[in-house]
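J.: Sequence:
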Amino acid sequence: MGLQQHLGALTPDRLQGIRRGVEKESLRADAQGHLALTPHPAALGSALEHPHITTDFSESQLEFITGVHASPEACLAELTQIHQVAYRAIGDEMLWVGSMPCGLPSDETIPIGRYGTSNVGRAKSIYRMGLGHRYGRRMQTISGIHYNWSMPGVSSEQYFSLIRNFRRHSFLLLYLFGASPAVCSSFVAGRDHPLQPLAEHTLHLPHATSLRMGRLGYQSDAQASLSVSYNSLDSYAASLQDAMTRPYPAYETLGVRNPGGEYNQLATSLLQIENEFYGTIRPKRVIRRGERPLHALRERGVEYVEVRLMDLDPFEPVGIAVPTMRLLDVFLLHCLLSDSPPDTPAEIAALGRNQHRAAEHGRKPGLMLERDGHEMSLSDWGDELLRQCEPIALALDQAQGGQAHRDALADAAARLHAPDTTPSARVLAAMVREFDRSHTRFTVAQSHRTRQALLALPYAEALDARFRQLAQKSVIDQRAKEATDTLPFEAFRQQYLAVEQLGVALAA
63 MGLQQHLGAL TPDRLQGIRR GVEKESLRAD AQGHLALTPH PAALGSALEH PHITTDFSES
123 QLEFITGVHA SPEACLAELT QIHQVAYRAI GDEMLWVGSM PCGLPSDETI PIGRYGTSNV
183 GRAKSIYRMG LGHRYGRRMQ TISGIHYNWS MPGVSSEQYF SLIRNFRRHS FLLLYLFGAS
243 PAVCSSFVAG RDHPLQPLAE HTLHLPHATS LRMGRLGYQS DAQASLSVSY NSLDSYAASL
303 QDAMTRPYPA YETLGVRNPG GEYNQLATSL LQIENEFYGT IRPKRVIRRG ERPLHALRER
363 GVEYVEVRLM DLDPFEPVGI AVPTMRLLDV FLLHCLLSDS PPDTPAEIAA LGRNQHRAAE
423 HGRKPGLMLE RDGHEMSLSD WGDELLRQCE PIALALDQAQ GGQAHRDALA DAAARLHAPD
483 TTPSARVLAA MVREFDRSHT RFTVAQSHRT RQALLALPYA EALDARFRQL AQKSVIDQRA
543 KEATDTLPFE AFRQQYLAVE QLGVALAA
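Going by the working numbering, the sequence shown wraps up at 570, each residue one higher than the last.
Simulated from the structure, these hints should not be mistaken for lab results.
From the three backbone atoms N, C-alpha and C, an ideal C-beta is built for every residue, glycine too.
Take the hints with a grain of salt, since some may be wrong.
[To be verified] Taking CB as the label site, the calculated pair distances span:
(1) THR73 / ARG319: 54 to 62 Å
(2) THR483 / ASP283: 31 to 39 Å
(3) GLY428 / THR315: 44 to 52 Å
(4) ALA515 / LEU99: 21 to 29 Å
(5) THR546 / PRO309: 28 to 36 Å
(6) GLN557 / HIS510: 18 to 26 Å
(7) GLY428 / PRO259: 42 to 50 Å
[Claimed, not checked] EDC-like, lysine to aspartate or glutamate: derived pairs with alpha carbons at most 16 Å apart:
(8) LYS346 / GLU324
(9) LYS346 / GLU219
(10) LYS346 / GLU361
(11) LYS426 / ASP482
(12) LYS426 / ASP442
(13) LYS346 / GLU552
(14) LYS346 / GLU368
(15) LYS346 / ASP296
(16) LYS346 / GLU336
Please work from the sequences and hints to get the whole structure.
T.: As structure tokens, then:
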């Protein structure tokens with residue numbers, strides 16, 4: 063069944079039923095572009111319990127979470143409001159607008175997120191301690207945007223079909239939206255890397271799109287040994303369960319606790335928990351209190367997908383723009399509606415190589431990628447995909463009115479043949495033209511500009527009051543959780559990590 067026939071089965075109601083939400087990470091930095099080492103601002107409440115403002119890996123790394131929205135505009139409006147609240151709470155600090163981090167202190171000085179004394183709060187911190195031991199804390203300070211997407215009437219099987227195609231075609235998103243072609247040299251201090259100097263404290267690759275998604279980003283030798291299959295929920299869950307129960311020698315040597323009795327990590331397995339698995343896209347399901355994500359997926363199926371490869375766009379006040387979301391909607395529908403053969407270990411390996419090529423050399427003229435055992439240029443393959451997206455953009459516009467999806471698609475097609483117009487090229491050009499080729503100077507200036515723009519927006523009293531209430535409630539909820547915990551932490555840890563908590567395969 064061809065793409066056009068699949069598209070014909072989509073009613074305007076289903077297209078109008080598409081929902082999206084955003085999770086956005088940003089480091090807090092001082093005015094000079096160094097990592098802020100201050101605690102999570104008290105005015106923002108409890109990072110453990112607040113529904114919209116938490117921290118990611120580091121105490122210095124804010125994470126903003128929108129609700130679920132029927133339009134990109136509504137999603138962006140809420141994300142903007144959350145930024146307005148945060149900027150009023152962080153004083154003289156600023157949100158770092160780049161995906162690759164600001165000036166970093168020594169690894170052990172980067173503060174890990176703190177979530178209080180409850181068992182859940184302690185587990186979150188110990189998990190992060192484990193990430194620091196396993197991958198280094200610097201790697202964890204990389205920030206990005208996650209785009210959560212769903213459509214009514216899509217089965218788990220269809221979501222996995224979408225995921226397989228997304229992984230095949232995600233090179234196009236890295237090219238179109240990658241915005242991290244350079245890094246501060248503090249990020250790679252003491253590491254082997256292929257980067258070239260751009261200025262005294264700035265390293266880059268001349269044709270890079272997203273160093274965040276390349277070999278310097280969320281990568282690890284341990285995880286490179288995983289060949290997770292996305293052919294079905296069962297195969298995916300089995301791969302993940304194996305990784306979370308398989309002992310890994312280097313992590314066994316580290317141990318769960320150090321000789322002084324303090325925790326080094328949650329577990330000695332290849333993955334401590336589900337979230338440690340780094341993928342460009344994840345199948346997701348809202349979890350119940352205390353439930354493991356894999357259990358939720360196995361019991362109730364896939365509810366939405368989480369797109370994880372989007373860099374922060376330093377030219378956009380909140381890191382992403384409405385036309386970008388529209389293009390993502392078109393792209394994800396294309397992934398859902400196109401034929402999606404099963405993946406194989408050989409294809410999974412080729413996709414990994416394609417990702418690194420697109421991330422590190424995506425704007426290189428004539429760059430070749432691997433496709434079905436042959437080579438094909440990124441631009442030709444991208445052209446083919448964007449042409450196939452045309453009827454999808456038209457259908458979305460017909461369902462929602464206007465021609466915004468076709469405009470977003472036309473912009474992407476133009477960008478494909480004009481590499482200088484991509485965010486990654488614009489970032490490098492601005493560094494060279496205005497900031498003495500410095501990653502830090504460029505991002506500091508852009509962060510200051512963004513801070514001023516967001517603080518200048520009208521700030522409603524009702525918004526301020528609502529977020530004050532949310533912050534107060536989150537603190538009360540955290541204290542209640544701490545007061546009612548009776549289980550000793552070690553018993554809680556063992557219980558949470560027990561293989562029985564991972565659920566069983568869905569019945570066919």
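J.: All hints, please: hold or fail.
T.: We went through each hint and held it up to the structure:
1. THR73 / ARG319: 54 to 62 Å: holds (56 Å)
2. THR483 / ASP283: 31 to 39 Å: Given about 36 Å between the Cβ atoms, the range holds.
3. GLY428 / THR315: 44 to 52 Å: About 46 Å separates the Cβ atoms of GLY428 and THR315, which means 44 to 52 Å holds.
4. ALA515 / LEU99: 21 to 29 Å: holds (26 Å)
5. THR546 / PRO309: 28 to 36 Å: holds (34 Å)
6. GLN557 / HIS510: 18 to 26 Å: violated (48 Å)
7. GLY428 / PRO259: 42 to 50 Å: About 25 Å separates the Cβ atoms of GLY428 and PRO259, which means 42 to 50 Å is violated.
8. LYS346 / GLU324: violated (32 Å)
9. LYS346 / GLU219: holds (13 Å)
10. LYS346 / GLU361: Judged against 16 Å, a Cα distance of about 12 Å means the pair holds.
11. LYS426 / ASP482: holds (11 Å)
12. LYS426 / ASP442: The given pair, whose Cα atoms are some 13 Å apart, holds under the 16 Å limit.
13. LYS346 / GLU552: Not OK: LYS346 and GLU552 at ~28 Å, beyond 16 Å, violated.
14. LYS346 / GLU368: Status holds; Cα separation ~7 Å.
15. LYS346 / ASP296: OK: LYS346 and ASP296 at ~14 Å, within 16 Å.
16. LYS346 / GLU336: Cα-Cα ~11 Å, so holds.
Comparing the model with each numbered hint stated earlier shows that hints 6, 7, 8 and 13 do not hold.
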